[in-house]
Amino acid sequence: MVPSARVPVRAFSHRVLCRGFRFRKLPFGCSDRSRSLIRCFLRESHVDRPSVPVLQPSGGVIVSNVLVRCVVLSGVVVLLSGDRLPAQRGPAVVVVTRVVEREVTSGHSFVGSIEPLKKATIGSAVDGRVVEFPVEEGDRIGDRQPLAKLLTATIQLELKAAEGELVFRQESLRELKNGTRPREIDQLHARMLAAGARREFHVARRARFTALAKQGTVTEDDLSAVVSAAITAERDYDDARAGHQLAVAGPRKEKLVQAAARLAVQQAVVDQLKDRISKHTIVSRFAGYVTARRTEVGEWVSRGDPVVEIVSLDQVDVKVHVLENHVPHLRIGTDVTVEIVALPQRFRQGKIVAIIPQADSRARTFPVKIRLTNTITRGDPLIKAGMLSRVTLPTGARTRALLVPKDALVLGGRQAVVYMVGADGKDPKKQVVRPVPVRLGVAVGKDIQIIGEIQAGQQVVVEGNERLRPGMEVIARPVPPVPDAKTSKPTESQR
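Note that my numbering numbers the sequence shown so that position 200 is 200, with each residue one more than the last.
Simulated from the structure, these hints should not be mistaken for laboratory data.
Some clues are possibly wrong.
As the list claims (entries may be wrong) - The calculated SDA-like cross-link candidates involving lysine to any residue, where the alpha carbons are at most 20 angstroms apart (straight line), are: (1) Lys-384 x Ala-292; (2) Lys-255 x Arg-181; (3) Lys-279 x Pro-306; (4) Lys-119 x Leu-388; (5) Lys-319 x Val-111; (6) Lys-384 x Thr-121; (7) Lys-369 x Ile-332; (8) Lys-351 x Val-111; (9) Lys-279 x Val-269; (10) Lys-119 x Glu-136; (11) Lys-369 x Arg-390; (12) Lys-406 x Pro-478; (13) Lys-149 x Asp-305; (14) Lys-406 x Arg-346; (15) Lys-119 x Thr-375; (16) Lys-279 x Arg-129; (17) Lys-177 x Ala-249; (18) Lys-149 x Ser-302; (19) Lys-319 x Leu-117; (20) Lys-279 x Ala-268.
What the hints assert, rightly or not - Distance windows between CB atoms, simulated: (21) Lys-255 x Thr-210: 36 to 46 angstroms; (22) Pro-480 x Arg-140: 41 to 51 angstroms; (23) Val-248 x Arg-129: 52 to 62 angstroms; (24) Leu-151 x Arg-331: 49 to 59 angstroms.
Since this is a predicted model, take the numbers as computed values, not measurements.
Ideal Cβ positions, reconstructed from N, Cα and C, are used throughout, including at glycine.
Use the sequences and the hints to build the structure in full.
Have a look at this one:
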C-alpha cells in the first residue's frame, strides 16, 4: 500500500479556502438550499492521497490532490448554476391543433432506389493526349466547368497561320471597297495628258513627213518610222485614258463579291480551327458530381472515348416498381412520403413526376418516379445515388385514417414523432407534452396519415415542436383561423 495523507477542506459561508484555490461569494448569490448542499459537499471532506502521483503496477494512476480539488470545484459550480437556470425558464408557447379522422385512400409501401436527376458519361470529341485533368472523384462541379484538356500545340500553329491569311483578305476587301485614292487618279490623269501631248506631236510629224514623201524629199524608211511612232503614240494615249477612267469608276461589283467570298472562306477556316481547339477542352454540360474518372494525364484518347462520369444530385428521383393493379390509382403531382433508411432524418416529402407506361414483361410492374429536393451542405449532397428508400403510395381502397398537418411531424430521429399536449399527472392545471412515435401513411394535401398510439381529437403541436422535450410544460394556443375573403372586406363605415 502507498502511504496516504489526509487533505482537509474547510467550508465557509462566504469564502471557501481549498489548498490555494480561493472562492468568493458569487455575484448572483444562491439559495439556502444550495448553501446547505455546498456545506454538505465540502464539510470535513477528507481524501486519501499520496505525496506525489504514483503509478500502480496494474497500470492505474493514484489521483493526486490537484485532481481532487478540481473535482470539488466543479461540483461547487454545478450546484450554484443548477439552482438558478431552471428558475429562469418559463413554459414554452406552442400552437396546437387536433387530430382528425377522415376517409383517405389506403397506401402501400414500395421499396425503391435513389437515382440522380441527370447522369452522363462525358467523352472526347477529338483525338488527343490528356495534359490536364483537374477534377477528382466526388468533386462538385459547375455547369460548363472544364474537366480535362488535350494537347493543342499543333492546332494553335495552324490557327495562327489561318488568322494571318484572314487579316490579309480582310484588308484586300477593304481596299477594294475604298476604291482608288485621289492622288492615284491625279497621277493617271497626268499620264493621260502626257500621252496626249506625245500623240499630237507624232500625228503632226506624220502629216509633215507624208507631204514631204509626196515631193520625194524623204525616203520610204523615214516615212515608215514616223508613221509607226505616231500610231504608237495614239495607242499609248488610249491606254492612259482607259486607265484613268478605270481609276475614276472604281472596282467592279463582281470583284467585291469575289473578295467577300474569299474572306468568308478564310473566316470559316479560322472558326473551324477554334472549334477544334475548344473541343480539346472537355467541359461539363450541367452542375453535378464526378463519379468516375475514365482516363489519366498522359493517356491518348480517341474521338468518342469516355473521359469522366457525372451525376446531378440537386434533385433526385426515387424509382419504384408498382404492380399493374395499383397503377390506375396513381396521379402525377400527388404528394407522397419517402423514407430513406440511411439518413438521420429518414422521412422526406416528394411528388410523383412520372408514371412510365412500359411494364416489365416478366414482373408486370410499372416504373414510377418520385422527385425529391436534395440538401447540399458545403458541397456534399445529403441524399446520394443508390440509397435504399421506401415509398408509401395511395393505391388502395378508401379507409378511415388519422390525419395531422405535416408541420406536426418531427423528423430528426430514426422514427417520425408528434408531440401530444395533455394535462400533467401531478398538477392537472399544467399542460405538458409527450412525444408519440408514429408511422406515416399517405399524404392528403397539407395533411398526412399517422399510425400510432394517438386518437382523434387529441391535440398535437404544429408550431414550436422543434425545441420541445418530453415532459416540458407548455402554453397551448390553437391554430389561428384563416380569415374569410368575404368577411375580411372593409365595410363602408370602416372606410
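Structure-based check of each hint:
For the suggested pair Lys-384 and Ala-292, the alpha carbons sit about 15 angstroms apart, so the restraint of at most 20 angstroms is met. For the hint linking Lys-255 to Arg-181, the alpha-carbon distance of about 17 angstroms falls within 20 angstroms, and the restraint holds. Annotation: proposed proximity of Lys-279 to Pro-306 holds, straight-line Cα distance about 14 angstroms (limit 20 angstroms). At most 20 angstroms may separate the alpha-carbon atoms for a hinted pair to count; Lys-119 and Leu-388 meet this at roughly 18 angstroms.
Of the supplied pair hints, the one linking Lys-319 and Val-111 holds, its CA atoms being roughly 9 angstroms apart against a limit of 20 angstroms. This hinted pair checks out: Lys-384 and Thr-121 have alpha carbons roughly 18 angstroms apart, not beyond 20 angstroms. Pair hint Lys-369 plus Ile-332 holds up; C-alpha atoms about 9 angstroms apart against a cutoff of 20 angstroms. For the given pair, Lys-351 sits about 16 angstroms from Val-111 by alpha-carbon distance, which is consistent with the 20 angstroms threshold.
Between Lys-279 and Val-269, the direct Cα distance comes to roughly 15 angstroms. Compliance with the 20 angstroms bound is thereby established for this hinted pair. Using a Cα cut-off of 20 angstroms, the hinted pair Lys-119 and Glu-136 holds, with the two alpha carbons roughly 17 angstroms apart. Of the pairs offered as hints, the one joining Lys-369 and Arg-390 holds, with about 12 angstroms between alpha carbons and a cut-off of 20 angstroms not exceeded. Taken as a hint, the Lys-406 and Pro-478 pair is honoured in the structure, with Cα atoms around 16 angstroms apart against an allowance of 20 angstroms.
Taking the CA atoms of Lys-149 and Asp-305, the gap is about 14 angstroms. The hint holds against a cut of 20 angstroms. The straight-line distance between the Cα atoms of Lys-406 and Arg-346 is roughly 15 angstroms, inside the 20 angstroms bound, and the hint therefore holds. Of the supplied pair hints, the one linking Lys-119 and Thr-375 holds, its CA atoms being roughly 18 angstroms apart against a limit of 20 angstroms. Restraint check for Lys-279 and Arg-129: the C-alpha separation of about 13 angstroms stays at or below 20 angstroms, so the hint holds.
Simply put, Lys-177 and Ala-249 have alpha-carbon atoms about 12 angstroms apart, close enough for the 20 angstroms limit, and the pair holds. As the CA atoms of Lys-149 and Ser-302 are separated by approximately 13 angstroms, the hinted pair is consistent with the 20 angstroms bound. At roughly 11 angstroms between alpha-carbon atoms, Lys-319 and Leu-117 fall within 20 angstroms of each other, so this suggested pair holds. This hinted pair checks out: Lys-279 and Ala-268 have alpha carbons roughly 16 angstroms apart, not beyond 20 angstroms.
A beta carbon spacing of about 45 angstroms between Lys-255 and Thr-210 agrees with the range 36 to 46 angstroms that was offered as a hint. Checked against the hint of 41 to 51 angstroms, the C-beta distance between Pro-480 and Arg-140 comes to roughly 42 angstroms, which is consistent with it. The hint said 52 to 62 angstroms for the Cβ distance between Val-248 and Arg-129, and at roughly 59 angstroms that hint holds. Take Leu-151 and Arg-331: their Cβ atoms lie about 54 angstroms apart, and the range 49 to 59 angstroms holds.
In summary, this structure violates none of the numbered hints.
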